[in-house]
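Novice: Sequence:
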Amino acid sequence: MFKLNRDILYLILKELQDDKKSFYKCLLVNRTWSEIIIPILWKNPWKYLKKGNEKLLLNVIISHLSEESRNNLMLILSGHYNYLKGSYQKPLFDYISFCKHLNLNEIKRIIDVIPDKIYEISIIRNEILKLFINENRVFTHLYIPHQFDYQIHLIPGAKVCLSELQLLRCHTTIDDKILTGLSEICKSIKKLELFIGWSNNKYGIVKLIENQKKLFDIRLNYYYSRANESFFEVLENSLIKYSNNIQSFKLTKQPITNILSSFVNLKRLELHDGFHYMPWNCLENLSLPFLQVLRAIGIPVKVLISLIENTSGHLIEIKIDDTIYSGINNAMLIQAIYKNCPNLSYLKLLIKISNKLEFEKLLINCQYLNGLFLILESYNDQSNIYDGLLKILAKSSPTNLFKFKFKFCYNHNFKSDSLKLFFDDWKGRHPMLLQFALNDDYDDLIEKYKAEGIIKRYDNKASYDDFEWIEKRV
40 MFKLNRDILY LILKELQDDK KSFYKCLLVN RTWSEIIIPI LWKNPWKYLK
90 KGNEKLLLNV IISHLSEESR NNLMLILSGH YNYLKGSYQK PLFDYISFCK
140 HLNLNEIKRI IDVIPDKIYE ISIIRNEILK LFINENRVFT HLYIPHQFDY
190 QIHLIPGAKV CLSELQLLRC HTTIDDKILT GLSEICKSIK KLELFIGWSN
240 NKYGIVKLIE NQKKLFDIRL NYYYSRANES FFEVLENSLI KYSNNIQSFK
290 LTKQPITNIL SSFVNLKRLE LHDGFHYMPW NCLENLSLPF LQVLRAIGIP
340 VKVLISLIEN TSGHLIEIKI DDTIYSGINN AMLIQAIYKN CPNLSYLKLL
390 IKISNKLEFE KLLINCQYLN GLFLILESYN DQSNIYDGLL KILAKSSPTN
440 LFKFKFKFCY NHNFKSDSLK LFFDDWKGRH PMLLQFALND DYDDLIEKYK
490 AEGIIKRYDN KASYDDFEWI EKRV
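So the sequence shown is numbered by the working numbering: it starts at 40 and just counts up by one.
Where hints are given, some of them may not hold.
[What the hints assert, rightly or not] Here are the simulated DSS-like cross-link-like pairs (lysine-lysine), alpha carbons at most 25 angstroms apart as the crow flies: (1) Lys341 / Lys292; (2) Lys400 / Lys459; (3) Lys252 / Lys289; (4) Lys378 / Lys358; (5) Lys253 / Lys216; (6) Lys229 / Lys82.
The set of hints was computed from the structure by calculation and includes no laboratory data.
Small disclaimer: the values here were computed from a predicted structure and weren't measured.
Start from the sequences, fold in the hints, and give me the full structure.
Specialist: Here it is in structure tokens:
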């Protein structure tokens with residue numbers, strides 16, 4: 040058998056890490072493959088942790104403890120040893136040494152499976168945290184749960200262990216001493232995701248922000264309360280300091296300050312109005328000339344049109360969800376896209392069938408379009424209402440377009456005859472990736488066109504989630 044270079048094998052296996060079934064099979068091939076896969080798997084082991092497997096992971100972690108620590112646990116767990124049976128066999132690898140994501144949410148989750156009657160659970164927690172936080176570990180990602188109060192910055196070795204942190208995800212309600220301590224240790228954070236509470240937000244987060252040197256990605260998730268507006272203002276003003284550096288920004292509440300207009304080099308913007316009553320007037324006449332990715336949920340269509348019109352043609356991805364608009368506003372939004380986004384490669388948008396001709400202009404003008412997620416709305420229940428749309432897709436889709444997902448707002452769907460014509464008209468083009476819900480009556484039709492090479496892949500899904508073929512971006 041041809042022997043692959045380890046570096047090449049690493050690159051191949053790394054691409055499989057999100058395909059859990061295949062990834063685990065590769066783990067069993069031989070020791071060489073295991074030696075490559077284990078570091079990939081344990082870089083962020085928490086993402087593979089399924090519900091019900093907490094005890095198994097806890098056993099593996101405890102197996103790394105020193106003899107002294109194990110003896111201490113044996114005393115604490117007297118009468119409960121069967122609960123951790125097998126935990127003290129020396130592991131084949133030092134798994135924890137490969138871990139780069141310190142997820143305190145998940146560590147709390149696995150500790151929570153220990154029976155409540157073990158009152159010395161804090162000692163177990165301490166031993167586990169010392170396994171992860173010491174001078175022999177270096178983490179790049181840190182996740183801290185809500186109202187966390189354990190002084191991790193005081194654990195011996197924390198200054199070394201957390202000094203190269205690149206991502207921090209935490210709540211602004213955690214102990215102020217922790218935030219202040221981290222601000223002295225972590226000065227190279229690139230990505231910061233904050234969950235801002237209804238109350239009891241700590242101003243230590245502002246000091247942590249002010250001490251950063253490489254910050255370029257900010258995500259603010261608000262649990263809104265008018266009583267917290269003074270905190271919101273201070274927080275936003277602390278971020279404006281990085282106005283030239285910020286390239287990615289997420290916001291779940293209309294800002295109080297002019298923070299958005301200060302981010303002149305922004306490339307990615309995510310807006311999610313979880314409260315559905317804010318006007319978002321700050322988006323009107325907002326100029327973001329380098330914007331490449333726009334994702335919006337619940338944002339008024341009028342200000343979205345203004346925002347798109349004030350970009351400079353660099354948008355390559357647009358996703359718009361949960362926006363209520365009339366047929367006229369829907370047409371105006373489609374027009375704004377095809378007039379201002381010539382480089383668009385991925386679009387998720389609700390299309391009112393009455394605007395299908397405007398949609399055709401979008402297909403003609405956006406020649407780099409690669410993936411299309413259409414949410415289709417029509418109050419007309421005629422069986423052939425979507426025939427025209429499929430004809431437009433077959434006739435006017437740009438050459439690069441072959442990824443489709445459809446979601447119907449009402450209990451509608453494509454008719455089998457309409458789909459047959461669509462597939463027949465697609466012959467000679469790139470085989471399509473297709474995702475939408477059909478009943479079993481369509482199975483033979485789909486299989487026929489898969490066999491003919493018209494459909495490369497079909498997934499029978501009806502969710503509003505993005506299909507997995509969208510290109511992964513930072």
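Novice: Now tell me if each hint is right for this structure.
Specialist: These are the hints, each one checked on the structure:
The straight-line distance between the Cα atoms of lysine 341 and lysine 292 is roughly 17 angstroms, inside the 25 angstroms bound, and the hint therefore holds. Distance restraint check for lysine 400 and lysine 459: the Cα-Cα separation of roughly 24 angstroms lies within the 25 angstroms cut-off, and the hinted pair is therefore satisfied. Between lysine 252 and lysine 289 the CA atoms are separated by roughly 20 angstroms; this keeps the pair inside 25 angstroms, and the hint holds. Between lysine 378 and lysine 358 the alpha-carbon distance is near 17 angstroms, which keeps this suggested pair within the 25 angstroms criterion.
Annotation: proposed proximity of lysine 253 to lysine 216 holds, straight-line Cα distance about 23 angstroms (limit 25 angstroms). Of the supplied pair hints, the one linking lysine 229 and lysine 82 holds, its CA atoms being roughly 18 angstroms apart against a limit of 25 angstroms.
Checked against the numbered hints above, the structure breaks none of them.
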